[in-house]
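Number of protein chains: 2
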Amino acid sequence: MPKRVDHAERRSEIAEALLRVAARRGLHAVGMRDVAAEAGVSLRLVQYYFETKEKLLLYGLQHLAERFGERVTARARAAGHSPGPRAVIEAVLMAALPTDEESRAFHLVYTSYAVLSVTDQTLAAQPFIKNPDAARSALTGLLRQAEESDLVQPGVDVQLEAVTLLAMSAGLGTSVLVGQSSPEAAAAVLDHHLDRIFRGNLADAGTRE
Amino acid sequence: MPKRVDHAERRSEIAEALLRVAARRGLHAVGMRDVAAEAGVSLRLVQYYFETKEKLLLYGLQHLAERFGERVTARARAAGHSPGPRAVIEAVLMAALPTDEESRAFHLVYTSYAVLSVTDQTLAAQPFIKNPDAARSALTGLLRQAEESDLVQPGVDVQLEAVTLLAMSAGLGTSVLVGQSSPEAAAAVLDHHLDRIFRGNLADAGTRE
DNA sequence: TTCTTTATGGTACGAACGTATCACGTTGCT
DNA sequence: AGCAACGTGATACGTTCGTACCATAAAGAA
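Sequence order for the protein chains is A and B.
Residue numbering for the first sequence follows the numbering used here, starting at 4 and increasing by one per position.
Residue numbering for the second sequence follows the numbering used here, starting at 4 and increasing by one per position.
The hints are simulated quantities; they were obtained by calculation from the structure and are not laboratory data.
Don't take each hint at face value.
Have a look at the derived ranges for each label pair, beta carbon to beta carbon [to be verified]:
(1) B:Ala141 / A:Ser45: 27 to 37 Å
(2) A:Ala137 / B:Ser185: 12 to 22 Å
(3) A:Arg28 / B:Gly72: 26 to 36 Å
(4) A:Arg202 / B:Pro157: 11 to 21 Å
(5) B:Glu16 / A:Asn134: 39 to 49 Å
Dumping the calculated SDA-like pairs for lysine to any residue here, alpha-carbon to alpha-carbon at most 25 Å [what the hints assert, rightly or not]:
(6) B:Lys56 / A:Gly29
(7) B:Lys58 / A:Arg27
(8) A:Lys58 / B:Ala32
(9) B:Lys56 / A:Val24
(10) A:Lys56 / A:Pro88
(11) A:Lys58 / A:Arg36
Computed footprint of chain A on chain B; a stretch qualifies when at least three of its residues, placed anywhere within it, have a C-beta under 8 Å from a C-beta of chain A [to be verified]:
(12) 117-131
(13) 140-154
(14) 175-187
(15) 191-202
Everything numeric in this text was worked out from a predicted model, so none of it was measured.
All residues carry an ideal CB built from backbone N, CA and C; glycine is no exception.
Please work from the sequences and hints to get the whole structure.
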């Protein structure tokens with residue numbers, strides 16, 4: 004059986020097994036044995052492809068961020084060809100909301116990683132914790148672009164609004180995650196706030212699901 | 004030495020030791036031995052006052068919520084005698100922001116508990132996870148009261164704004180916690196949004212620290 | 001004073017976890 | 001064909017963790 008095997012693909016499979024079990028039982032509760040069982044391989048294999056647990060966790064976080072990026076771009080693309088800035092912004096924010104099983108998993112695991120990064124410097128040094136900063140600048144760029152096209156209300160501070168939107172998205176996300184809000188209510192709040200930012204006329208409005 | 008001892012006080016001391024070590028090393032990393040060492044007692048004592056670790060964690064969460072409540076009312080009281088609705092709202096929201104060591108600890112531990120509650124039904128059944136719901140209705144009440152005093156801009160949906168403020172506060176809190184934003188920036192965002200809700204004239208403005 | 005309850009220390013036990021070690025079949029190179 | 005590297009399995013080791021057990025000194029009740 005030991006054919007020559009694609010390491011990258013195998014690592015991805017194991018990483019996804021990690022994310023699945025993390026979504027099911029919590030990131031704190033995942034062991035190498037659980038990951039191995041979930042991936043349908045032996046414990047030794049997990050050790051083989053990721054020498055240590057820390058490296059497995061790091062790769063898992065990386066994989067999570069990648070999948071989220073794909074998710075966002077897919078959402079943006081689904082907003083139509085050459086979507087307006089508002090549609091793109093909605094795509095990003097809605098993708099971060101825990102609506103289905105996959106986004107729930109994403110939000111839970113990502114929040115777990117964020118919490119861990121507060122007390123774990125190795126995790127904090129990872130670029131993916133810094134990634135929200137990239138999201139912030141992307142959002143700022145989108146808003147500024149909308150501003151130049153005269154799509155936003157006069158007098159809005161795009162930098163501040165970017166931070167606001169991101170904070171709202173994260174806060175609403177956890178709110179939905181713990182069952183305090185419905186996804187629909189969270190989406191409504193976001194939409195309402197976007198209405199405050201954008202002018203009413205050109206909002207090729209709801210691309211929510 | 005074994006005088007008759009106040010159980011409630013002892014439990015509080017141990018619970019605070021738990022919160023301290025949780026703030027320092029993360030909630031996932033606290034063991035009974037750590038708590039015992041931090042409290043300056045033997046492992047047996049922690050077992051004696053809290054029979055199991057789960058009960059210790061539950062009590063710790065309860066203690067955390069109580070301390071946060073005191074913190075909020077202290078802030079509200081510091082806003083002056085008979086403070087306006089906006090001042091009270093600011094007090095609540097600013098108290099939730101991780102500014103000093105204590106509020107950082109609060110935010111980190113509380114978020115850890117929230118994350119745990121997603122996969123731990125015993126924790127999810129605890130009323131303190133439901134507590135944010137009480138905060139929401141309190142905020143709604145405050146906003147409605149302000150609305151009746153003609154202090155808010157026309158056309159604002161108080162229910163929706165309550166949810167928005169809470170989500171922003173939580174989101175900004177974690178943003179500050181992971182070092183992505185400064186507390187001042189977060190406070191500015193909150194203030195800006197309150198400016199959007201309240202009429203400009205009667206805002207007896209900044210009670211920030 | 002004697003006895004029972006309370007408070008506390010020390011320590012042991014079983015399980016789980018991350019990691020390391022040994023072994024072996026398979027594949028590709030020369 | 002033979003040899004070295006790769007992929008995989010099984011299992012063992014040392015540690016840590018939560019919990020349980022045993023002992024004992026002080027304090028209040030009788």
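Check whether three or more residues of the segment 175-187 of chain B sit with their beta carbon closer than 8 Å to a beta carbon of chain A. holds (count 8)
The hint says 27 to 37 Å between Ala141 (chain B) and Ser45 (chain A); measuring C-beta to C-beta, is that right? violated (53 Å)
Proposed proximity, Arg36 (chain A) with Lys58 (chain A) (alpha carbon, max 25 Å): holds (15 Å)
With a C-beta cutoff of 8 Å, work out whether three or more residues of the segment 140-154 of chain B approach chain A closely enough for the coverage to hold. violated (count 0)
Should the hint that Arg28 (chain A) and Gly72 (chain B) are 26 to 36 Å apart at their CB atoms be regarded as holding? 31 Å Cβ-Cβ, so the 26 to 36 Å window holds.
Check the following: the C-beta atoms of Ala137 (chain A) and Ser185 (chain B) are separated by a distance inside 12 to 22 Å. holds (18 Å)
Taking 25 Å as the top limit, are the C-alpha atoms of Lys58 (chain B) and Arg27 (chain A) close enough? holds (23 Å)
Between Lys56 (chain B) and Val24 (chain A), is the straight-line Cα distance small enough, at 25 Å or below? holds (24 Å)
Can you confirm whether the C-alpha distance between Lys56 (chain A) and Pro88 (chain A) stays at or below 25 Å? violated (41 Å)
The segment 117-131 of chain B covered by chain A? Criterion: 3 or more residues, Cβ-Cβ distance below 8 Å. holds (count 8)
Sort out whether Ala32 (chain B) lies within 25 Å of Lys58 (chain A), counting only the CA atoms. holds (19 Å)
So if I understand the rule, the pair passes when the alpha-carbon distance is 25 Å or less; does Lys56 (chain B) with Gly29 (chain A) pass? It holds: about 18 Å lies between the C-alpha atoms, which stays within 25 Å.
In this structure, the hints that do not hold are numbers 1, 10, 13, in rising order.
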